[in-house]
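Those sequence lines, one after another, are chains X and U.
In this text, residue positions in the first sequence follow our numbering: the first is 17, and each later residue adds one.
In this text, residue positions in the second sequence follow our numbering: the first is 256, and each later residue adds one.
These are calculated hints, taken from the structure and not from any lab test.
Take the hints with a grain of salt, since some may be wrong.
[Stated by the list, open to error] Subject to a maximum C-alpha distance of 30 Å in a straight line, what follows is the list of computed DSSO-like cross-link-like pairs (lysine-lysine):
| hint | chain 1 | residue 1 | chain 2 | residue 2 |
| --- | --- | --- | --- | --- |
| 1 | X | K404 | U | K421 |
| 2 | U | K614 | X | K471 |
| 3 | U | K556 | U | K421 |
| 4 | U | K614 | U | K278 |
[As the list claims (entries may be wrong)] Incomplete in silico selection of chain U near chain X, CB under 7 Å:
| hint | residue |
| --- | --- |
| 5 | Y306 |
| 6 | V310 |
| 7 | K323 |
| 8 | A398 |
| 9 | A416 |
| 10 | L420 |
| 11 | V442 |
| 12 | D557 |
Every value quoted in this text rests on a predicted model; they were computed, and no experiment measured them.
The beta-carbon is built from N, C-alpha and C at its ideal position, and this holds for glycine as well.
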Amino acid sequence: MLTTPTLDYNLLAPILIVLGGALLGVLVEGFVGRAYRARIQIIIALLTTAIAFCWVISIHNLISQAAAVDSVSIDGGGLFMQGAVLALAFVALLFFTQDDHFAPQASALPGSEEEAAAVLAGVQMTEIYPLVLFAISGMLLFPVAHDLITLFVALEVLSIPLYIITGLARRRRLLSQEAALKYFLLGAYSSAFFLFGGALVYGFSGSLSLATIRAAAIVPGANHIFLLLGIILMSVGLLFKVGAVPFHSWTPDVYQGAPTAVTGFMAACTKVAAFGAMFRIFIVGFAAVQNDWRPVFVAISIVTMAGGAIAAISQRDVKRTLAYSSITHAGFLMAGIIALSKAGLTSMMFYLVAYGFATIGAFGIVTLVRDSTGEVNDLNRWAGLAKKSPGVATAFALFLLSFGGIPLTAGFIAKFSIFTAAYASGNIAIVVVGVLSSAIALFFYLRVILIMFFKEPTDDTVTVAVPSFLVTSGITICFVITLVLGVYPNLLFNLANTMTTLVP
Amino acid sequence: MNLLTLTIVLPLLGVLGLAAAPKENTHVIKLIALGSSVITLVSSLLMLTKYKFGVQGFQLVSSHSWFKLFNINYAVGIDGLALVLILLTTVLVPIVVVGGWNEAENGRWSVKTFYMLILVLETFMVGVFAATDVFLFYVIFEAMLVPVYFLIGGYGRGDRAAAALKFLLYSLFGGLLMLAAVIGLFVISIKQGPGSFDVTALSHLKISHNTQDWLFLGFFIAFAIKAPLFPFHTWLPGAAKSATPGTSILVLGVLDKVGTYGMIRFCLALFPEATKTFAPYIIVLSLISIIYGAFLAIGQKDLNSLIAFTSISHFGFIVLGIFAMTSQGLTGATLYMVNHGFSTAALFLVGGWMIERRKSTQVEDFGGLQRITPVMAWSFFIAGMSALALPGLSSFVSEFLVLIGTFTRYPLAAIIGTTGIVLAALYILILVQRTLHGPLQPGNEDTPDLNWREKIALAPVIVALVLLGFYPKPAIHVINPATSQIMAAVQVTDPTPMAGK
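So here's chain X without its partners, still in its complex pose (with noise of 0.2 Å):
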């Protein structure tokens, strides 16, 4: 006798629904005409992440484990991480929409004939759009994730989208693709560490629940070496995915050959996905054994905070050194799962929030700044921005200062809440790791300030695009979320604290 299983679709509607926008964008893409075709899928995905944000809201206060039989639970935790993948893939998008970003046909071979009359004829890579709602599908799904399946699962849907549209850059194809291979190969192996992992895991405790697995590694004179095993081989894959040292090799180069409006998207919302079902695998699932994995942790964490900051002074390259500055705050933000406690979470969302928007808007500029061959990446060639483009410069300064974390941005506020839950847990040596690291990373941030400001132009074939109104509008959102939330961060954190459960 086989009983259907009971799912609620309520809480997995928001899930369901990107995949079904998704679903909607493929059709498109087979029976809509190429004249339409663009602003029929900008609009899909829009609304879809939109409505899918308004869901999330709608049933943030609800908790559940059996929402798809125990391998999805919903809580407060799980909500706020869906609830700032959808904002955040929202603003991304909005850079998605300048029609140039993107290779007008990834068949065709860069420098080929057919990529010439591809160009010509005016043709756009619109599965871009569909192809970014499985990735957050798949954003959505992990945070909230139960078991090592529905986690592997949701891991690989996030992970195969993004490895296609990195490879899909308009300019610079070849550097794109190379991107792409890299970042396919070594996420192919992290996810097999991850898998194999989970496979140990399965060995310890005979289940996939992670609520099974901590009641197995509780149990007094249980033999942890399997879970041990286990938990190091999962760590490397999602360490793998947030770009923490020593598995951070990839970040500057996928981060550099992306489109770079792919690459704000990557960077912000991969990670509170990754964070996100990190802090539930590990607290919800390895705490039992915290005494084992957390120096470890501590040792990445500085590691990762202090090679991130090192490496990224010598960057010329200004989506190099946001992608080692990304480095830096993914070991900022494993402070908050050291802390291992309420308060590390809670600033531990804060901080995604501030980073994500901060992240969104600078990749966002980035797409702005051009001459006649597509975008300059080239930091030197930026010398003077704020005399062609004063507003422009005066918001990616404000971004890197929110990097930085100066007094009056969001990142600031991020930066002491977490350091707080991390001394407050203990773990002092992080947070001064962590303040003699921002020291070094503040240095390319004022650099970057410094070229833009105080450098005369030396190079007038640098323009700064005229942006679109949804570009515009993006920018504007981020810029006054980093403000609004430097100065008055009561709005965001006082909803983080309620919603701080999880289901255990």
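For chain X, the structure is supplied; the task is to place chain U on it using the hints.
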């Protein structure tokens, strides 16, 4: 609205006014900036009518919840220490506006941006002295660097971008160390009751000796960079060389006082045990600052860096007075902060006008100005005399108090410190002789004397220097209650006099 909060907010209203003003009409912009800084001055003077003299503790307090989860408040209040420094700020800003009427014209950006930055800075400067919440203090302490960064980098001279970056990096580095200490302090306060950032509540915490040492260092290094104390001073000469005279006055006259103010308000009051541990070492550093700064000042060829190095020497005196931990020393140090503000302002104002006329910052390019421009020369002379602490001018009183206060506890340090006075006479008199006397240097023949605007800007500074020199009692009367409160917090008493032994 609380008068103190009003004083903090008024310059921001001026910023709004400036934002609405047309960019091209620089005259209107300067008048708006002057107007709002004068109104701020009036508002700060009105605080004197509400202030109860001779009373300990914070007055004109006001507190509003800002960041609830961490119990962070917008909490402001003033005691004698904060009051005199706020008055110093609000007096200096209009003087800077009038004195440097044309200094923004050759900047990278518009005159409008310059005055917006100045007024934003004024809000931060008043706010930083008024804050009684450590978090609020920290936020302003860091945020106020950003306008200065743009003021130096955008309107300065020479290698201004590098100087601005160096200034900001040094200060932020210190600030981050302080952030770690602030967090540590807060976590301790959570463990001992409801977490708080209130400076009075924090001073009642029981902190173990070892922890105190670390937290003290976090705060102290930040303040020592700001002050600037040897060996953390290396950013200052570059910044002073590149900044406009007005910016230099605000940086050296007010901003750097935040460092010494912070040492008194936070290092002494919050970590009394650690203060006693480190005081001897800090006194050694301050003596090195006094002597080293003076020697470097003697050797300087650039007028602005010369003034900057004299300041390093003077900050040595202030720190010496603070960590001598006697009531004369503390009162003298506080008074010294005010006097140094005025005397530096006078030096940079007149020096700036000389540089503006001669188009050179080199001391050797001046000479014989006494005959051509008597008023300017006399002004510079008086400013110089106040820098070497001539009796009758205000710096004398404070330097004397600092040395007496130090002598009662550390006689040797006071004796060594006294050589600083001799060296001061040397660097100032050499400077005066080279610039004002001697043969007239070619190129100076047609130098015009001070005009009315410049005389008006300088007059209040000279008046303050002379007045506080002959009659310092009102200022000391304001400062004393705050001093004795700090002494009580550190649990030290003045050593008994050694006379008659």
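Consistency of the hints with the structure:
1. X:K404 with U:K421: Roughly 25 Å separates the two Cα atoms, so the pair holds.
2. U:K614 with X:K471: holds, 23 Å
3. U:K556 with U:K421: holds, 22 Å
4. U:K614 with U:K278: holds, 27 Å
5. Y306: violated, 29 Å
6. V310: violated, 32 Å
7. K323: Holds: closest Cβ of chain X sits about 6 Å from U:K323, inside 7 Å.
8. A398: Check passed: Cβ of U:A398 comes within 5 Å of chain X, closer than 7 Å.
9. A416: For U:A416, the interface hint holds, since the closest Cβ of chain X sits about 4 Å away, which is under 7 Å.
10. L420: holds, 5 Å
11. V442: holds, 5 Å
12. D557: Violated - the Cβ of U:D557 stays beyond 7 Å from chain X, reaching only about 21 Å at its closest.
In the structure shown, a violation is registered for the earlier hints numbered 5, 6 and 12, in ascending order.
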